[in-house]
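**Student:** In case you want the letters, here they are:
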Amino acid sequence: MEKIGRFADIFGGQYVPETVMNAVHELEEAYNRYKNDEEFLEEYRTICREYAGRPSLLYYADRMTKDLGGCKVYLKREDLNHTGAHKINNVLGQILLAKRMGKKRIIAETGAGQHGVATATACALFGLECEVYMGAEDVERQKLNVYRMELLGAKVVSVNSGTGTLKDAINEAMRDWATNIDTTYYLIGSVMGPHPYPEMVRDFQKIISEEAREQILEKEGKLPDCVVACVGGGSNAMGMFYNFIPDKSVRLVGAEAAGKGVDTEYHAATMAKGTLGIFHGMKSYFLQNEEGQIAPVYSISAGLDYPGVGPEHAALRDTGRADYVSITDEEAVQALEYLSRIEGIIPAIESAHAIAAALKIIPTMDKNQIMIICISGRGDKDMQQIAKYRGVKIDG
Amino acid sequence: MAENRLDKRFKELKSENRKALITFITAGDGGYELTEKAVLNMAESGADLIELGVPFSDPIAEGPVIQKASERALKNGTTLEGIFKMIERIRQKTQVPLLLMMYLNTIFVYGTERFFAQCKETGIDGVIVPDMPFEEKDEIQGAADKYGIHNISLVTPASEGRIQMISADATGFLYCVSSNGVTGMRSKFDTDFSSFFAPIHKYAKLPCAVGFGISSPESAKHMSQYCDGVIIGSAIVHLVEEYKENAVAEIEKFVTSIRTALDEV
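Sequence order for the protein chains is A and B. If you're matching positions, the first sequence starts at 1 in the working numbering and goes up one per residue. If you're matching positions, the second sequence starts at 1001 in the working numbering and goes up one per residue.
Everything labelled a hint here was simulated from the structure, so no lab data went into it. Heads up, a few of these hints could be off.
Derived PhoX-like pairs: lysine-lysine, alpha-carbon spacing no greater than 25 Å straight-line [as the list claims (entries may be wrong)]:
hint: 1; chain 1: A; residue 1: K206; chain 2: A; residue 2: K219
hint: 2; chain 1: B; residue 1: K1008; chain 2: B; residue 2: K1202
hint: 3; chain 1: A; residue 1: K143; chain 2: A; residue 2: K388
hint: 4; chain 1: B; residue 1: K1075; chain 2: A; residue 2: K273
hint: 5; chain 1: B; residue 1: K1253; chain 2: B; residue 2: K1093
hint: 6; chain 1: A; residue 1: K3; chain 2: B; residue 2: K1137
Reference excerpt, derived from the structure (chain A facing chain B, CB under 7 Å, subset only) [as the list claims (entries may be wrong)]:
hint: 7; residue: G13
hint: 8; residue: E18
hint: 9; residue: N22
hint: 10; residue: I294
All C-beta atoms in this analysis are idealised placements derived from N, C-alpha and C, irrespective of residue type, glycine included.
I would like the entire structure built from these sequences, with the hints used as guidance.
**Tutor:** In structure tokens form, the structure reads like this:
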């Protein structure tokens, strides 16, 4: 029997300080009560449709398909959602839950800023106080998103401790949560953290594969042969994979960030290089040294710059249900440029990792086969970074 | 579980009708030698139990003072292996009960069985793991019991409805966290201590010590009325930060002042 909050009996758990245990249980109870509550689900579906713009399109990438000469390529357009990424799906679900739990103050962590922007947006919509923790390094490279969050009325707290990136923002959000446990709801943005977050965030993201499965059956009359998504903590990938997991013929591929290469010190390739550990509330794979100190990680993509991976992905990998590949900065930037020119779609640098992985697989597939790539977000936020990477000056 | 130094010390304190003074220092902050000297000095100056913080890259239960100490210790090359070697040296000179305060990943990655065997070998009496709640304690409890090392349980003002369950399994002493949040010196407490300690006294059949935020002889004396001992961490770590290699003399003054305050009738 599967243990509660565990995947493949090993991964997951609730490794958090005593101070937050009652809050974790309270959340677990609330989520279990509402996850099958028709009224709650209807409200979630309605707000996704009326506010976020769902369902997102499943777009047939004709020029890309012809250019590559392999399988048919479809793009699941999460970049077209309100706020420009898949993050809004989860945020809207959790905000509805927080509201029912009577919470007035929302905190969140953010890497690239997409989850922070989505959270700030939903808090504006529901009139809730919002504080977003963001690593000092990320504040610097994602200035536009910082400004967006502030414009939406959120307070952005720059985190200087540790490496000043996503993991440190999570540490600080957890400290805030423990301090203000009576009033505060911690809105985690990925399929990570203590149970019930990995399961709950997945459930709010699985709408991606619910739609994609229906859409592809409608368009093609059959299931895809391969589904590809990028993986940092892994929320868009869990959402994109979930409804295809029982369809054994569908190959699931996650693309993680290899930065400057998995054999350098500069990467965030947890699946390729991580080992089993316990951190941020969960047992999973982490990049760490031989004494269990969490390693500094690097990627051009702030959204994939995390030293761990969600526990359900760890289980999918260990059971062989999904494959994970590592994509370098250079491969991701090239894929971003490729999709921009061939389809007129500028993907987020995170999503570009999925495209790069797909570019390697597509030519090996047959022309009557089908692939779906999840375009988890749009690339506007990354323009300055990409220009800098290419040595182009676009600052005024 | 067989009695170890920690249980014996609490028994002695009880028979002498004295409060326990538990002090904390981040191991390796300022080098092993400084930690070693500070530990021996604190034991001489009236500390009954001493916690050694094992530095971790991401100490989510710590406030800024111990976070920075942890960073300094890691930067100068402190390792768990090195800490065990230091403990062996300390054990040749004192029998003061010693605890390790550390994050679960450090134990897990070292190998839980190997870790507790090493604790026993070097003379550690207990561990405090702030990111491992009651529900996940099986992760280490078996090995801790096997080697006679206390796995110290924590309760906090947010533990409503959990104190009975936690106390029932607790051994050594019960670590009562004074305030929700992280470690660090506080000028005031928001907790209503009478109602926080009421269920603790009702259910806990073991010594109770209070920590988080205590930083002066006055607050130590005040807090000690609620339980059997006080725990002081950040205030001592702050002295290491401020006085560096000269910190031992300052720590001695500070610990002595707390001891004096606790022993006043």
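**Student:** Can you give the numbers of the hints that this structure goes against, from lowest to highest?
**Tutor:** Of the numbered hints, all hold.
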